[in-house]
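Chemist: Just so you know, the sequences run in chain order A and B. Its first residue numbered 156, the first sequence is counted upward by one per residue in the numbering used here. Its first residue numbered 36, the second sequence is counted upward by one per residue in the numbering used here.
These aren't lab readings, by the way, just hints derived from the structure by calculation. Don't be surprised by glycine CBs; every beta carbon is placed ideally from N, CA and C. Heads up, a few of these hints could be off.
Computed footprint of chain B on chain A, listed as stretches where at least three residues anywhere in the stretch have a Cβ under 8 Å from a Cβ of chain B [unchecked claim]:
no., region
1, 437-446
2, 608-617
3, 636-648
Listed next, with one range per pair, are the computed distances between beta-carbon atoms [what the hints assert, rightly or not]:
no., chain 1, residue 1, chain 2, residue 2, range
4, B, A246, A, N510, 58 to 64 Å
5, A, K182, B, R324, 53 to 59 Å
6, A, V542, B, K118, 32 to 38 Å
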Amino acid sequence: MRKSILLLAATSMALGLLTVSGCSNNKKDKYTKDGKLMVSMRNLYFSSYKGGDSYIEEVENKFKLKFSFETYDWANWETQVTGSINGQNMEDVFHANIDSYNFATTYKFWAEEELVKPLPEDMSKWPNIQTVLENTSNIESLKVNGRLYGLPIAKNTTDYSTSFSPFTYIYRRDWAKKWGVYKENDEYTWAEFEALLEKFKVELAPYNKYALADVEWGFPSIPNFYKQVPHCFAQDNTGKYVCNYTTDEYVAGLNKSQDFMSNGWYHPDQNSAADGVMNAKYYSNQVGVLYENLSYSNYIALKNNLRKTNVDTPNFEINDAIALMKIKGENNKYSLEGTDNWFSMTFFDYRISDNKQEKMLDVLDWLLSEEGTRFSVYGFEGYDYDVVGGEVVIKPEAWPKDTNGEYAPKDNGASYLRNLISLGYDTLEMNPLTDKDAVDYLNAWDAEMKTALANNELRVLKETSEVMWLTTQKKSLNANNMRETALKNVMKYVYKNGITTIDDFKSKFNNKTWQEVLDEINAATGH
Amino acid sequence: MKKAALKRLPLITRDRPGPSNKFGTMDVVIFIILTLFALSIIFPFYYLFVVSITPQHIYANNPSLLWTPEISFEAYKNVIEDKNIWNGLGITLILLFGGTAYQMFFTVITGYALSRQNWLGKNFVMNMILVTMFFGGGLIPYYQLIKSLGMMNTIWVMIIPGAIDTFNMLLMRNYFASLPKELEESARVDGANDVQIFVKIFLPLSLPMLATVGLFFAVGNWNSWYNGMLFNKDPQIRTLQQVLQQIIITTSSSIPNPHPEKTNTESLKMAAIFFTILPMMCFYPFLQRYFVKGIVVGAIKG
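Kindly produce the complete structure, drawing on both the sequences and the hints.
Modeler: Okay, structure coming up:
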């Protein structure tokens, strides 16, 4: 009897829940009293921005729209996106992190289930957006049934040929000079790199400091100079996909990483450090070489922190403390990880009207135009800046400087809006807030690497598109877990902790899951 | 034989060292061990404070410092000037007082009702509440429910769903059940109704347990962040713990950020953490005895 009552109650509650949680299939366009169409948006980069400045009002008036801004927490971005999507509670326009490992369960799933609204088939009405899309790497892989279901947020809209990431080694050139291991133009052969690390180790050891550290999730970086592809799926001589971690090339890199650890070059806390710790050790003068993702914002953060740390250091030259190394591997080639020129996307809720989507595309297209870009960077012409002889001249009364004599950041809502389609690297050169020296330096490094690529002196590690974006069942289900488990085993082998022989290491990949996924990939790709 | 043994007893005790104010070797050893143990508990808090008042250039060059040669309250100034921290504190205080009072009310009256003699449906209600300890509806239905109730992006989502905590309710129920039934019977004879019996007799007798459960709720509310993270998008209604998490994470992320917030230093992080834990650190030592006492008392009768 009691069980029956419990069952009845549980069923009633479930039905009640289903009743109250029923969702509508469309959102009716809502307008403000003065006739502006209301648009809700959620983006990681809005941070504390809530609108209300004159710049955003100008955009709202221009396009007869009224925006509301919401944000995500940096730490909980993916959870919050998943919660919103599954709870049918997305904003009209929202932002999500998309990569080849979550592609099947996010973008592809959302598109197939039509939880996100596809872009119009004909994008010619928005030529600036169309240009960005044409310059987006792997754009074809993002199409589901021939349609694109979101806007990749460009890391660089003006030059998409950069096919490698800025993951590289940054080092204390000042220490290298002081200890006699500096090489001209920061160019090092593999032997010179090892000699530098040994010298750094000897000099730093008395102070409990170390020669080398990697960004936590990039450890170990050394196999990059050996392996064929960054993660799981390499190809053998016949083109057949095999486990990357057991290839001769990867194993050579792994053994080299073990040597680096045994030699005492690596910081010993690599296996336990939380995100950001190794970066902090570098700017705290605790390590001499750091492998990091040196996007402009990360480079600047590191530079500013180093400057603060060494405020009392006599004759400290910041640019000598944050120099980019150019290292050639044992095969006499540079090596960089390949990447796409985007990593997150702007989506439209499937329930919004075509009208609202088109109006938002109008806004983004305008923000990418010369006029819109200027507005998002400088503000109002005649108030924030003048154009004199074709050059922009900022009005000091409209853009105050801080106590260091540098332009102080000010909220310009248009720049936040522009982040829905561009990360803003295309405006770095013109932005008064930009550290021009840093941009020039990063660009020079970039140019050298491009030259090296053209001269066949640079290896770009990248999985093929056909396998990266493949969404077969077993791969979609297991690939992320396979990669994470593999990295744990890599860590164990490098630290000689639980896995001491290479045969033991390889045996970790000789299992049913790997075999089934590889078989599935090879069948799907015709190998 | 027994008598003889008893007679010898004083002699035996005289041979052994009796209670004394003198420290023996073992006392010294125990004292040292306990002191080291206490230091190991206190040291992280001390270190946290020292780093928070150390300028970055000193800390960075000597992270293992025991004291700082140069004291700077710049990090605390930054924390105090950070409006997000104060917003977070305001929200957390609302949860602390409002949420705790609300949770206490429902938990206590439910515990009391379920501790009384059999009434129709008592076991059913008890079982329904117990089920929630072992089985949840899942995140998505919960999300849908919150959304349907119109609590998204409101402070209510961090208060209302937590009306009854099953574990705390059981503690209260067991405590009420352990009090003599005769108290209720004699009050009835004197003409008291149910509400009067509860308010005038049982509540005053349950103060230790009320303090315990109140503290459980208060600590939970002070540390609350999950519901806020999941259901609230407005930075203005972030709890203090969410703000703290944001401060710590923004320095650690390698994801490019076109609008980087203030570059955080270790001292700023530590100052924010210290600011967040200070109230609990101040009150906890005086109140922690209730935790153990309350649980033990409440667990006597099942």
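Chemist: Count the residues of the region 608-617 of chain A whose CB lies closer than 8 Å to any CB of chain B, then report whether that count reaches three.
Modeler: Result for this restraint: violated, n = 0.
Chemist: Falls inside 32 to 38 Å, the C-beta gap from A/V542 to B/K118?
Modeler: holds, 37 Å
Chemist: Is the hinted range of 53 to 59 Å satisfied by the C-beta distance from A/K182 to B/R324?
Modeler: holds, 55 Å
Chemist: Quick check: the region 437-446 of chain A, covered by chain B? Criterion 3+ residues, Cβ under 8 Å.
Modeler: This one holds; 4 residues, not fewer than the three required, reach chain B with a Cβ under 8 Å.
Chemist: Could you see if the CB distance from B/A246 to A/N510 stays within 58 to 64 Å?
Modeler: Since the Cβ atoms of B/A246 and A/N510 sit about 59 Å apart, the hinted range of 58 to 64 Å holds.
Chemist: Okay, the region 636-648 of chain A and chain B, do three or more residues pass the C-beta test at under 8 Å?
Modeler: Coverage by chain B is violated for the region 636-648 of chain A (0 residues, Cβ < 8 Å).
Violation of the numbered hints given earlier is confined to hints 2, 3; the remaining hints are satisfied by the structure.
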